[in-house]
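Peer 1: Sequence:
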Amino acid sequence: LCYPVVSAGAYAHRGSFVRLAGENAAEQRRFSLETLVSARMPRTFLWHTLTDATVPVENTLLLEAALRRENISHELHLFPHGVHGLALADLETADPMKGRVPDRHINRWQALCAEWLKEE
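End of the sequence shown = 301 in our numbering, gap-free, step of one.
Derived from the structure by calculation, the hints contain no laboratory data. On a predicted model such as this, the values are computed, not experimentally measured, just so you know. Any given hint might turn out to be false.
[Said to hold, decoys possible] Per label pair, the in silico range of CB-to-CB distance: (1) D276 x A191: 25 to 31 Å; (2) R249 x G203: 27 to 33 Å; (3) L298 x R211: 27 to 33 Å; (4) C294 x V264: 16 to 22 Å; (5) T235 x C294: 17 to 23 Å.
Ideal Cβ placement from N, Cα and C applies to all residues, glycine included.
Whenever a hint applies, use it, and build me the whole structure from the sequences.
Peer 2: What follows is the structure, encoded as structure tokens:
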């Protein structure tokens, strides 16, 4: 999961939850992924940037904590800089008008994920 929208709580990307569940906050909370993690959750690879101004990094941190509580195999990478929506962080997915520029450091998430997938 790359810069995921996870929580309907304090760090919500509110627009996503409104589109998903309407304006009712209680209905939105039903979809907070950090509260839905169970032993049935598949192993998960996560990455986020600390400077994502669209989806706060706390979304990823909340999900990672829930994965840890349930002993779900996972890997987490936090990159120090980068806007939301970097995707592959390469020339193909670049969008300089939105600050999405190629970044070889962040682009490494793909190789890290491939290595991780081979581990189990």
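Peer 1: Hint by hint, note whether the structure agrees.
Peer 2: A quick look at each hint next to the structure:
no., hint, in the structure
1, D276 x A191: 25 to 31 Å, "holds (29 Å)"
2, R249 x G203: 27 to 33 Å, "holds (31 Å)"
3, L298 x R211: 27 to 33 Å, "holds (31 Å)"
4, C294 x V264: 16 to 22 Å, "holds (20 Å)"
5, T235 x C294: 17 to 23 Å, "holds (21 Å)"
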